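A.B. asks: Each chain, letter by letter, is given below.
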Amino acid sequence: MDQQWTCIDGNEATARVAYALSEVIAIYPITPSSPMGESADGWAAAGKPNLWGVVPDVVEMQSEAGAAGALHGALQRGALSVSFTASQGLLLMIPNMFKIAGELTPAVIHVSARTVATHALSIFGDHSDVMHARTTGWAMLASASVQEAQDMALIAHVATLRARVPFIHFFDGFRTSHEVLSIELVSDDDLRALVPEEDILAFRARGLSPDAPLVRGTAQNPDAFFQGREAGNRFHLATPGIVAAAMEAFERRTGRHYGLVEYAGAPDAERVVVLMGSGIGATEETLQTLTAAGERVGLVKVRLYRPFPAEQFVAALPQSVRSIAVLDRTKEPGSPGEPLYLDVVAALAEGMDSAHPRFARMPRVIGGRYGLSSKEFDPGMAKAVFDELAAQDPKRHFTVGITDDVTHLSIAPDTEFRYQRPAGEVQAMFFGMGSDGTVGANKNSVKIIGENTDLWAQGYFVYDSKKAGSVTVSHLRFGPTPIRSTYLIEGADFVACHQFGLLGKLAMLEHARDGATFLLNSPFPADEVWDHLPEGIQEQLIHKGIKLWVIDADKIAAEVGMGNRINTVMQPCFFALSGVLPTDEAVAHIKASVEKAYGKRGPVIVERNFAAIDRSLKELTQVEVPQAVTHSGSSGITVPDDAPDFVRRVTVPLLAGEGDLLPVSAFPVDGSFITGTTKYEKRAIAREIPIWDPELCIDCGKCAIVCPHAAIRMKVYEPAWLEGAPEGFRSKDFRSKDLPGHKLTIQVAPDDCTGCVVCVNVCPAKSKTEVRRRAIGMEPAMEHRDAERRAWQFFDSIPPLARDLLPRASVKGSQVLEPLFEFSGACAGCGETPYVKLVSQLFGDRIVVANATGCSSIYGGNLPTTPWTVDRDGRGPAWNNSLFEDTAEFGMGMRMGSEARLARARLLLERLAPRLDGALVRETLEAPQDTELQLRAQRRRVADLVTALQALGTDDPDVRHLLALADDLVSKGVWIIGGDGWAYDIGFGGLDHVLASSRNVNILVLDTEVYSNTGGQASKATPRGAVAKFASFGKATPKKDLGALAMAYGTAYVAQIALGANDTQTVKALLEADAWPGPSLVIAYSTCTAHGMDMSQSMEHMRDAVRSGYWPLYRFQPTATEDGQPFKLDSREPSIPVRDFVSTEARFAILSRTHPERSERLLELMQADVDERWRYYEQLAAISRTVHSVDSPQYEEDSP
Amino acid sequence: MSRLATNYLGLDLRTPLVASASPFTGQPESALRMQEGGAAAIVLPSLFEEEVVREEVELSQVLEQGAGSFAEALDYFPTVDAFESSAERYLAVIGQMKEKLDVPVIASLNATSSGGWVRFAKLIEEAGADALELNLYRLGADPTRDGSGMEASDLEVVRRVRESTDIPLAVKISPYYSALANFAASVVETGANGLVLFNRFYQPDLDADTREVVPRLELSQPWELRLPLRWIAILRSQLATRASLAASSGVHTGIDAAKALLVGADVAMMTSAVLRKGREHFATVEKELVEWMDANEYTSVAELRGSVSYAASDDPSAFERANYVKILRSWNAPHDPTSRPQMP
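Chains A and B are the protein sequences, given in the same order.
If you're matching positions, the first sequence starts at 100 in the working numbering and goes up one per residue.
If you're matching positions, the second sequence starts at 57 in the working numbering and goes up one per residue.
Just so you know, the hints here were simulated from the structure itself, not pulled from any lab data.
None of these values were measured; they are calculated from a predicted model.
Each residue gets a CB set at the ideal place from its N, CA and C atoms; glycine is no exception.
One should not assume that every hint holds.
[Claimed, not checked] If the Cβ cut is set under 7 Å, some of the chain B residues that face chain A in the computed set are:
| id | residue |
| --- | --- |
| 1 | Glu-112 |
| 2 | Pro-134 |
| 3 | Thr-135 |
| 4 | Glu-140 |
[Unchecked claim] As a list, the in silico DSS-like pairs of lysine-lysine whose alpha-carbon atoms are at most 27 Å apart:
| id | chain 1 | residue 1 | chain 2 | residue 2 |
| --- | --- | --- | --- | --- |
| 5 | B | Lys-178 | A | Lys-695 |
| 6 | A | Lys-654 | A | Lys-695 |
| 7 | A | Lys-542 | A | Lys-646 |
| 8 | B | Lys-156 | B | Lys-178 |
| 9 | A | Lys-430 | A | Lys-494 |
| 10 | A | Lys-778 | A | Lys-604 |
| 11 | A | Lys-690 | B | Lys-178 |
| 12 | A | Lys-1139 | A | Lys-1167 |
| 13 | A | Lys-147 | A | Lys-699 |
| 14 | A | Lys-831 | A | Lys-867 |
| 15 | B | Lys-178 | A | Lys-699 |
| 16 | B | Lys-154 | A | Lys-699 |
Could you put together the complete structure from these sequences and hints?
C.D. replies: Here it is, written out as structure tokens:
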């Protein structure tokens, strides 16, 4: 049989097999498994058949719970079915999984195993999700590499059909799911040879059919259930044997050997490590080194985890074994040990208790946790585990890979230990940014080498947690032997820095080995660059004898018309310098891959890439490294002197990429962090920043309200504050009849601006003499940064205007309020963040936020720094992210919590009233708190009350309790924030329930019409005609009208807004939502990278969305008036065809290029949708509707 | 052969009435209705170099935007395997028109550079177009470039296009060349089979409220025919049978068509009148032309074509400066301020 080699990642390797062997594929996006569903959907859209010539039916459900339900149903009808998931998604499937297993139904769920959120969410890999499924009755098969992911996927599909027990096939999230590796593909012939047709026929025959009806899923009583539960035992008992047989058949076919449990190492080993998953790679390398040195050590790789093959496990161990360390990539607090450890202990104990025990003495077993959330697990750590086994008194339970200075469980890695890398292997590291194409180029290099040479290739990519200006580090290995190193590169032969600006921030040459090559993208020519290198870099270059090469890739890329995509300039340099391939050959391959990737879009991009490649090699220059360091001064992360201690101790190392070195004691015990830390992360990623021209400014505040990063601020202040202003600080007279004699300054935060240009494009103040000049304009950051830094610092020292001095209900009035959400890591030009920031300005000092998982929880709450912040009094939004699916409920609970505290506080106050000032008590209990002025007055009363209470003495428990609850007497708001994936799909049930309650919560839906955070999968908010992942063929059904559904209740405030179309209406709607005493729903049109548009035009797209009628603006305020008309249509009749709007966005435009006729038909339907909705809304606007609501719904209505 | 038959670029046409580029000629269905309405040939809208390039570059940019930046979203769009660019769609339309239409289909290419993209001329030929119209649409706004340099680069474009295709080639030019007769002759010498006179330059407008420049399409007015009439009269005599000539701009009626033919045009092209009056306008114009021919006792287009060209005219100088004097003498207050006569 022909060998077919390729370089793909674990997700694709798995999805390929699953797709070929399935008829129904139920999917839902969740990191890191989304790419499996995306592949399946893409293949189905392209008409790719499965093994039997039928295109599988791929369906996206509203949640993983829905996917599991659909899977269950399809299986019951006897259709071969599969799903992909991870983490919380798997947990949502568990109820159905019990059923599927209980009904002995063959099925496979492929899991890219990911951390389950606990004290924090993590998208990275460990086994905490799959371990929660181990009680469901599903078999569990673990893969340790990309090759295994493919092979085990097939074995799982084969075995489940024979065993009738459903299978979870899992592999480590990111480490395996996203690692690109040379693997040998299984062919369709392999699949045909291995998949037993008679088992498929038997499976079909068991499917529910009215032609031979059966009933399943009955309810049973004490007399029957137990026996029935035991009736299927023999199937589970037979499963290990079936898997073993499938593995043997697989080996006969492919030559690749697998066992249920496999032993490697010395036949007379005394110390053995047991684990499963990708950690095997690092452990096996360690083992090789140790056994080569004569140590009696071994490794047991567990592949079939459930049903646990206890006998085979014991049999696999050498009889010489004295001590065993079981490594678990999960944590079960309170358990006597982690799951695999307990299984091993039980297997050994039972083995010892048998008639012919394998060991003379029960081996000592210790258990360790490692690698949670993709924490590195390298040979030095594996070595530490072997060492611990050799210790006189090893830790019974330990951790490895971290420093635990609290409970002292950790064992120290052997930092000197190195795996002896095979001769001829090259390790290369690349430091780049997301926007420059570094990762794409490196994936391409891996493919070029892996698929065109005899070398094995591996690529692994590390991203930071920002969406704008994110740093990427690529780890590539190439070598003459298979690569099993499942950890980051520790000694690079080649280091490339694709962004000069990163030199001072990351200690990248620490990863270089002596004599390595360093390729630097430098704006300075070879003869000048040295003096611009930071001290640390110069030192490393000299001391390690590193060869330095430079190229001005930015210049070349710009000149050939590639913008900032420097990838095709840097890629040929890597090949030329690394010598992995002859340069000519490499260039030919690069060009061929460019042709393949871009050729179908037309020749221009191809030509420009070719030009970049050709110039690249001509301009690559070596730099003579001098003998001495010439540059001095500190590099790295610095924070101001007044930064909090926590920021210095914890945040700074995290920012510097040294978080792995932080000990356990550095971290909060419960996941609570201080807010307001983004301001310490001065990223300075903008090449151009907006500069304000006070002469042209008309004080409108539009630049500030649209700024996605709160990097443009507006302050109104008394002139006296200008004293001591640095030179160049700009201000003007503030034009307002409400507030005469004040000054105004619009100031950019130069290091926090992402350069997105949205503010400039929205500025309406044009110069009278030169129209292209506006009151704010982009200027080169290099020229202005120092002056603007001084100006920003001074600006920051000016106190914000008192909150009640200007009316809030205008753009200007809202923008003088301090944003309590600033400098997030959202995409440049993000359409969501301006709304979030506006909420923080209007209500931030008195709200609690329940945030659904998604973009807003990531830019809102992803370490190392978080954008939610506090005002000068230390007040600001308190924030939490519960889950993806429950946010409305979570927020409702917060509301109930607020009310419970308030009720107690009022009760206590009334009880203590006789001992307090009667007027103060009465006013505190009764005064309205609707306006900023009233709120200020209430805060004053509460302060007085606290003073009075303290005077009473704290012996009285009532006083103590009221002191603890006094702040609750100031009105508190709850904002529930999330995206459309949450509100329209996975969280809709809860949202619906909360809307139907009368609780006073405010719900902000940031509607990007797609699952943005996971990369643009369709949601029910996705409009008809748009192409998205999971809707590759263009979505056929119209967008769900969430607002109309909410309005149907009649009791909820509902508004639809679009900042770029009508900013005043946006402010008004948010204020009305806050004021409405029941539930409020505000649906905010949010532009997104996934729309395929120029994000600097965010506001213009919003404007056109409204002008075309695609996104009508309205407010629905229930009214008790007899002839009240609760629905107000705030946008004008559509003035441009919807075609004019959608043709400017790639999400629609792609379809007209891939499927023109379908696109045309869908466009017609879209116009019809718009026309019809407009007609409907116009009628709604004329309808009188009376809502009979109770006055204080939150106190009375829902009480039992 | 019909008495209206003519030959343009070597193509035999039933009548001299040709549909020039318009929204109607870009779709096979509506082009078919134009043919049914009476158009003797169809000129497709231009494939614009800038548009082709911009579409490709911008689409690539937005599809890659944000890719490879963030662990949860390694990209934002599904993989698009089959991708049809506007150029490919254009080629497909040519093919579809050739299948549906009986009349010749003339593709149009708008080039501003002689870069590699003129390969589309070849692709257009392969797609089955009967002829190609090359649209030279350029503003002399670069102060560092002189007229001869600009003309030379235009001729270079003509040469590259000519080299890449064997089908008949017409070149549509603007009236703004400083030595038009010389340039026209050079274009023909470089290999063009015909000239289309003239490009209408849509002049941008301003929105006084927003102070923004706005594109504004103005349909042609009948008086605009004067310019092509003059130049066809002159060029017909100079080029004799070396090139076909097409009158474009301001042909609205059968009489307009007759005038164009009289000064030497082989065909009269119509857009604005058809946009205003609908596809059936071809039949109306054809009827008017026949009536005029009947009234003036012309039996064929061949007979009337060029009978009032510069050389054949009884007052050749009227096509040159003298015309200006005449107009000034005959000038009266205009009835319709929107149809002011064009000052030469």
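A.B. asks: It remains to establish, for every hint, whether it holds in the given structure.
C.D. replies: Hints versus structure:
Below 7 Å, beta-carbon pairs count as interface contacts, and Glu-112(B) has one with chain A at about 4 Å; its hint therefore holds. Among the interface hints, the one on Pro-134(B) holds; its C-beta lies about 4 Å from the nearest C-beta in chain A, closer than the 7 Å criterion. Interface hint status for Thr-135(B): upheld, as the beta-carbon distance to the closest one in chain A is roughly 5 Å, under 7 Å. With its C-beta approaching chain A no nearer than about 5 Å, Glu-140(B) sits inside the 7 Å limit, and its interface hint holds.
Distance check on the hinted pair: Lys-178(B) and Lys-695(A) sit about 22 Å apart at the alpha-carbon level, within 27 Å; holds. Restraint check for Lys-654(A) and Lys-695(A): the C-alpha separation of about 25 Å stays at or below 27 Å, so the hint holds. Proximity of Lys-542(A) to Lys-646(A) is assessed by CA-CA distance (about 25 Å); at most 27 Å being required, the pair is judged to hold. Restraint check for Lys-156(B) and Lys-178(B): satisfied, since their Cα atoms lie roughly 22 Å apart, inside the 27 Å limit.
Between Lys-430(A) and Lys-494(A), the direct Cα distance comes to roughly 16 Å. Compliance with the 27 Å bound is thereby established for this hinted pair. The hinted pair formed by Lys-778(A) and Lys-604(A) meets the criterion: a straight-line CA distance of about 17 Å does not exceed 27 Å. Our distance criterion of 27 Å between C-alpha atoms is met by Lys-690(A) and Lys-178(B), whose separation comes to about 24 Å. Under the criterion of a C-alpha separation no larger than 27 Å, the hint pairing Lys-1139(A) with Lys-1167(A) is consistent with the structure, at around 25 Å.
A C-alpha spacing of about 19 Å is found between Lys-147(A) and Lys-699(A), which places the hinted pair at or below 27 Å, so the restraint holds. A threshold of 27 Å between alpha carbons decides the hint, and for Lys-831(A) with Lys-867(A) the separation of about 18 Å falls inside it, so the pair holds. The hinted pair formed by Lys-178(B) and Lys-699(A) meets the criterion: a straight-line CA distance of about 18 Å does not exceed 27 Å. Using a Cα cut-off of 27 Å, the hinted pair Lys-154(B) and Lys-699(A) holds, with the two alpha carbons roughly 25 Å apart.
Violated hints for the displayed structure: none, as all numbered hints are satisfied.
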